[in-house]
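So the sequences go chain by chain: C and W. Numbering-wise (our numbering), the first sequence opens with residue 1 and increments by one. Numbering-wise (our numbering), the second sequence opens with residue 1 and increments by one.
No lab work stands behind these hints, which were simulated from the structure alone. Values in this document were obtained by computation on a predicted structure and should not be read as measured data. Don't take each hint at face value.
Once the Cα atoms are required to be at most 27 Å apart in a straight line, the calculated DSS-like pairs of lysine-lysine come out as [stated by the list, open to error]:
hint : chain 1 : residue 1 : chain 2 : residue 2
1    : C       : Lys100    : W       : Lys65
2    : C       : Lys48     : W       : Lys125
3    : C       : Lys64     : W       : Lys129
4    : W       : Lys125    : W       : Lys39
5    : C       : Lys158    : W       : Lys121
6    : C       : Lys100    : C       : Lys64
7    : W       : Lys61     : W       : Lys39
8    : C       : Lys129    : C       : Lys98
9    : W       : Lys125    : W       : Lys135
10   : C       : Lys78     : W       : Lys135
11   : W       : Lys121    : C       : Lys64
12   : W       : Lys39     : C       : Lys11
13   : C       : Lys11     : W       : Lys135
14   : C       : Lys48     : C       : Lys78
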Amino acid sequence: MQLVVDNSKNKNIIDSIDQRLIASIQNGLPISDRPYAEIANQLELSEKEVIDRISNLRETGFIKRFGVVVRHHELGYKENAMIVWDIPDNLVHSIADKIKSYPFITLCYRRARQLPEWQYNLYCMIHGKSRNEVMLLLNEMLNNNNWHNYTYDVLFSKRRFKQSAANYISK
Amino acid sequence: MNEIDRNIINHMQNDFPVCETPFAVMAEQLNLDEEVLIKHVQALLDDGTLSRFGPLYNIEKLGGKYCLVAMSVPQHDIESVIEVVNSYPEVAHNYERDHDFNIWFVLAAETISEIEDVLAKIETKTSYKTYDMPKLDEFYVGLKFDV
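Using the sequences and the accompanying hints, generate a full structural model.
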């Protein structure tokens with residue numbers, strides 16, 4: 001069968017072939033010298049088409065990262081602290097810009113408050129080898145920016161129950 | 001952990017090549033033989049240092065729904081609530097944290113209604129409230145770990 005590749009296709013729209021491709025690699029790539037050829041075989045596509053489509057998914061941001069996914073706990077990063085802040089809405093962007101410039105910050109999100117029980121709207125994560133290390137890093141950030149006036153809270157993880165790639169894409 | 005494994009972890013978390021022989025290209029950058037690199041990646045997966053090798057998707061962009069949910073549960077009920085939460089396959093991960101809001105889990109599903117459905121079931125089974133913390137802006141997702 002001759003596959004017709006429509007080059008006028010809007011790169012930001014995924015089609016049914018992309019969906020099959022996305023589902024087939026969601027749990028991992030084959031570990032072999034020609035991984036994309038193996039995927040192509042399973043999906044009855046050409047190797048070139050698989051390569052082109054994965055490249056496009058990366059360029060357009062459907063794939064955020066592409067490579068090895070580590071279990072941070074196993075690497076000695078046993079402590080992770082979620083730091084939550086109550087920041088005036090008009091300052092969230094500028095403060096987030098500063099937070100994310102620190103190399104030890106692994107995530108930074110703005111989330112909706114859940115008033116009255118939950119006043120916090122800015123979240124960031126610091127992973128470290130000990131609680132002490134995490135607190136030193138956090139204090140460094142607070143001191144450098146004079147952020148002690150903002151209400152914040154530190155939530156260290158005590159136990160972790162699941163860390164799996166959720167299978168949200170049906171095959 | 002040896003030098004080769006350390007190099008793999010530090011240099012292969014983001015830009016795995018997309019070409020006919022990606023391991024050969026990567027191996028050259030890391031100054032290794034292709035065969036050696038493949039063996040080491042497989043071994044790191046087998047021993048659990050790596051959870052996966054492949055893509056990290058932008059779920060929202062793919063049309064899926066993803067939400068962070070918190071619960072505040074008294075210590076005497078925490079084990080049973082955790083058991084209920086973990087029983088749903090939509091729960092991607094779940095952390096107990098040192099705080100009044102002590103249970104934090106991520107739900108991933110294809111639609112919002114599936115997420116609402118799971119949350120309603122958890123509330124009924126545990127009789128504790130779930131707090132959905134919807135994401136408004138994503139400023140940074142590094143999640144890169146150096147060893």
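Do the hints match the structure? See the list:
no.: 1; hint: C:Lys100 / W:Lys65; in the structure: holds (24 Å)
no.: 2; hint: C:Lys48 / W:Lys125; in the structure: violated (50 Å)
no.: 3; hint: C:Lys64 / W:Lys129; in the structure: violated (33 Å)
no.: 4; hint: W:Lys125 / W:Lys39; in the structure: violated (46 Å)
no.: 5; hint: C:Lys158 / W:Lys121; in the structure: holds (25 Å)
no.: 6; hint: C:Lys100 / C:Lys64; in the structure: holds (17 Å)
no.: 7; hint: W:Lys61 / W:Lys39; in the structure: violated (34 Å)
no.: 8; hint: C:Lys129 / C:Lys98; in the structure: holds (23 Å)
no.: 9; hint: W:Lys125 / W:Lys135; in the structure: holds (26 Å)
no.: 10; hint: C:Lys78 / W:Lys135; in the structure: holds (25 Å)
no.: 11; hint: W:Lys121 / C:Lys64; in the structure: violated (32 Å)
no.: 12; hint: W:Lys39 / C:Lys11; in the structure: violated (35 Å)
no.: 13; hint: C:Lys11 / W:Lys135; in the structure: holds (25 Å)
no.: 14; hint: C:Lys48 / C:Lys78; in the structure: violated (41 Å)
Of the numbered hints given earlier, the model fails hints 2, 3, 4, 7, 11, 12 and 14; all others are met.
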